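Chains H and A supply the protein sequences, listed in that same order. Position one of the first sequence corresponds to residue 1 (the numbering used here), numbered consecutively onward. Position one of the second sequence corresponds to residue 332 (the numbering used here), numbered consecutively onward.
It should be emphasised that the hints constitute simulated quantities derived from the structure, not laboratory data. Because the structure is a prediction, the values reported are computed rather than measured. In this text, a Cβ means the ideal position worked out from N, Cα and C, and glycines have one as well. Incorrect hints may appear among the rest.
[Stated by the list, open to error] Just a few of them, taken from the derived set where beta-carbon distance is under 10 Å, the chain A residues facing chain H:
| # | residue |
| --- | --- |
| 1 | Ile390 |
| 2 | Phe481 |
| 3 | Asp491 |
| 4 | Thr502 |
| 5 | Pro585 |
[Claimed, not checked] In silico contact screen, one side only, chain A against chain H (beta carbon under 10 Å); selected entries:
| # | residue |
| --- | --- |
| 6 | Thr493 |
| 7 | Ala519 |
| 8 | Gln559 |
| 9 | His560 |
| 10 | Ala591 |
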Amino acid sequence: MYTQALDSPEAAAADERESERLERFQARIDRDEKIEPKDWMPEAYRQTLLRQIAQHAHSEIVGMLPEGNWITRAPSLRRKVVLIAKVQDEGGHGMYLYSAAETLGVSRGELIEQLLSGRAKYSSIFNYPTLTWADIGAIGWLVDGAAIMNQIPLCRCSYGPYARAMVRICKEESFHQRQGYEIMLTLSRGSAAQRAMAQDALDRWWWPSLMMFGPSDAHSVHTAQSMRWKIKRFSNDELRQKFIDVTVPQAEFLGLAVPDPDLRWDESAEHYVPGPIDWSEFHAVLKGEGPCNRERLEARRAAHGAGRWVREAAAAFAEKHREPPHAAPAG
Amino acid sequence: MSAASESVRPEPSAEDRFEYVLRLADTSLIAGQRLAELLGHGPALEEDLALGNLSLDLIGQARLLLALAGRIEGRGRDEDALAFLRDAPDFRNVTLAEQPNGDFGATIVRQCLLDAWQLESYQCLTGSSDRELADIAHKAVKECRYHWRFSAGWLARLGDGTEESHARVRTALESLWRFTDELLTPDALDARMAVCGIGPAPALIRERWETRVATALAQAKLERPAHQHYPWHGKRGVHTEYLGHLLAEMQCVPRAYPGATW
Chain H
1 MYTQALDSPE AAAADERESE RLERFQARID RDEKIEPKDW MPEAYRQTLL RQIAQHAHSE
61 IVGMLPEGNW ITRAPSLRRK VVLIAKVQDE GGHGMYLYSA AETLGVSRGE LIEQLLSGRA
121 KYSSIFNYPT LTWADIGAIG WLVDGAAIMN QIPLCRCSYG PYARAMVRIC KEESFHQRQG
181 YEIMLTLSRG SAAQRAMAQD ALDRWWWPSL MMFGPSDAHS VHTAQSMRWK IKRFSNDELR
241 QKFIDVTVPQ AEFLGLAVPD PDLRWDESAE HYVPGPIDWS EFHAVLKGEG PCNRERLEAR
301 RAAHGAGRWV REAAAAFAEK HREPPHAAPA G
Chain A
332 MSAASESVRP EPSAEDRFEY VLRLADTSLI AGQRLAELLG HGPALEEDLA LGNLSLDLIG
392 QARLLLALAG RIEGRGRDED ALAFLRDAPD FRNVTLAEQP NGDFGATIVR QCLLDAWQLE
452 SYQCLTGSSD RELADIAHKA VKECRYHWRF SAGWLARLGD GTEESHARVR TALESLWRFT
512 DELLTPDALD ARMAVCGIGP APALIRERWE TRVATALAQA KLERPAHQHY PWHGKRGVHT
572 EYLGHLLAEM QCVPRAYPGA TW
C-alpha cells in the first residue's frame, strides 16, 4: 500500500512530514526527554518496546515456576517466607510490566495469549531446572544479579512507563540478589554436603547466567537501533563483562570455583576474560529444546486453563451485581 | 475473657499451654504450607499474589506461635525444630487445614470455613490472660480479617457466578463440611484453657462462627450442609492421610541433613 502511493504528490508530502516527525522524535530522545503513551512515536519504536516489555513481563511470570518449585521444601520457616515473598514480588513485577505494555495498546489478555500459544518469548534462563535448595541461592545471586545489570540502565529508558516500572523492580531485585547470595554464603560455610550443593548449583547456573545478556554484540540484531532510541544503554557484551567482573570475586569469597577453566584476569584491561560461551546451547534453549521449556509452558497453560471457570464466574458475578447507571448517587 | 474472675482463675500447666499454643501454631503453619503450593498456579495473577499473601501471613503467625510454644516447653526447641522435626501424630492442627487445595473452589471453601474460625478465635484471644498469646492474636486478627474478606468474597463470586462455579463450590462444601465439627466441638483442653482465661469460651466461638458462615453462605446462594459427625480430631493428633505427605515434602531437606544450618 505504502509503495503504491509513493508516486502521488500527497504521498510525497506525507513522507516528508513523516521524516520531520521522526527527526523531532529522535531529537526528544537525544535531549533525554521521556516518551509518554500519548506522544507520537514511530511504529518500530512501539513494536520494539512492546516486544521487550512483554518478554520481560512473561519472564517474571514464568520465572515464578523454578523458584516456586522449592517453596514447599524450603529448609527453614524464615527461608520459606522470604522465598514466598520473592516469588510474589516477581508476580508483582509481571503486573507492572503488563500494565506498562498495555500503554502501548495491547491488553494483558492478548499478551498472555501470545505467551501460552508459544508465539512470545521469555528469558531462556527459566527453562533450566531447580534441582536442589542451593539452586534457589544461585538463582538469587546469579540470575537476579544478571537481571539487575540488565535492568538498572532501563530505569533511564526513553519510554516513561517502562522506566518508572523499572525503578521499583530494581529495588526489589537488589533485595532478591542479596538473599540469594546469603543462601550461598550460608551453604558455603556449612557442611561438606552443603558446600558441594552450592558448588553444583554454581556449576549449572554460571553459563546460562552469562547467556542471559543475549548474543554477542556482533550477532545482536536489535542493539544498534535500541541504543539510538535509548531503550538500551549498554551493549550485551558490555553488560556481560560488568557482570563477570563483579561476580568472580564474589565466588572467590564463597570459596567456590567458577566452572570456566579458561577464565583469567587481564591485568592491563582490568577485566576478567572468560572462556568461549557455548552459543549452540543458548540457541537450542531459545528454540524450545531446553530442559524445561515444555514443563514451564505446560504449567502456565494448566494454571490458565484451570482458572477459566473461576474467571468466568467472577465476570458473571460482576455482571449480575453491576449497579444500574441511574442508581449512581447524584451530585 | 472467661466468666471466672482474675482471683479464682486456676493456673494452667505448662503442658496444657504448650499443647494449646501448638494447636493454633500448627493450624496456621499447615494452612500456610497448603496455600504456598499454589503460588505461580493461581487462576489469575491477582489471585496468585493474594494467595501468596495469605500464606505469608499464616506462616508468619505460625513462626511467632511456634517460638512461643518452644519457650513454654523449655526444652530448647525453636520454630524450625518444631516445624521440621516432629512427626504427623505430634502435629496439633485442625484437620480442615491439611485438606488438599483441590480446585480453586475447594481452596476457597476450605479457607472460608477456616478463616471464620481463626478470625473469631484470634478476636477472642486478644483478651487472653496469656499476654504473649494476646499480643500475637492482636497481629493475627488484622490479617484474618483480610483473609476472611478475600475468601468470603470469592465464595460469593463462585457461589453466585455461573452454574459450573456454583456446582463446584457446592461439592467442595459438602465434602469439607464434616471437618467443621472439630472447629466447634471443644475438648477437655479447650475447656481448661477457657477456665484459665487463656482461651475463649467454646460456646462463644461456635455462635460467632455459625453467624459469620451463615451470612457468607447466604451471600453465595449456598445451602448449609447437614451436620456430619466427625470425631477424628487433628487437634488431638488424629489426622487424615494428607498430613503425612505434606510433612514429607515440607520436612525433607532439614531431615536429610541433620544438624545443618540453612
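Structure-based check of each hint:
A hinted interface residue such as Ile390/A counts as satisfied when its beta carbon comes closer than 10 Å to some beta carbon of chain H; here the least separation is about 5 Å, so the hint holds. Proximity of Phe481/A to chain H is violated relative to the hint, the smallest CB-CB distance being about 13 Å (cut-off 10 Å). With 10 Å as the threshold, the beta carbon of Asp491/A comes within range of chain H, its nearest partner Cβ sitting at about 6 Å, so the hint holds. The criterion of a C-beta within 10 Å of any C-beta in chain H is not met by Thr502/A, whose closest approach is roughly 13 Å, and the hint is violated.
Of the supplied interface hints, the one on Pro585/A holds, with its beta-carbon coming within about 5 Å of a beta-carbon of chain H, less than 10 Å. Restraint check, Thr493/A versus chain H: the minimum CB separation of about 5 Å is within 10 Å; hint holds. Among the interface hints, the one on Ala519/A is violated; its C-beta lies about 30 Å from the nearest C-beta in chain H, farther than the 10 Å criterion. Given the 10 Å rule on beta carbons, the hint for Gln559/A is violated: about 26 Å separates it from the nearest Cβ of chain H.
Hint on His560/A is violated. Least Cβ distance to chain H is approximately 32 Å, over the 10 Å limit. Taken as an interface hint, Ala591/A checks out: its beta carbon lies about 6 Å from the nearest beta carbon of chain H, inside 10 Å.
Checked against the numbered hints above, the structure violates hints 2, 4, 7, 8 and 9; every other hint is satisfied.
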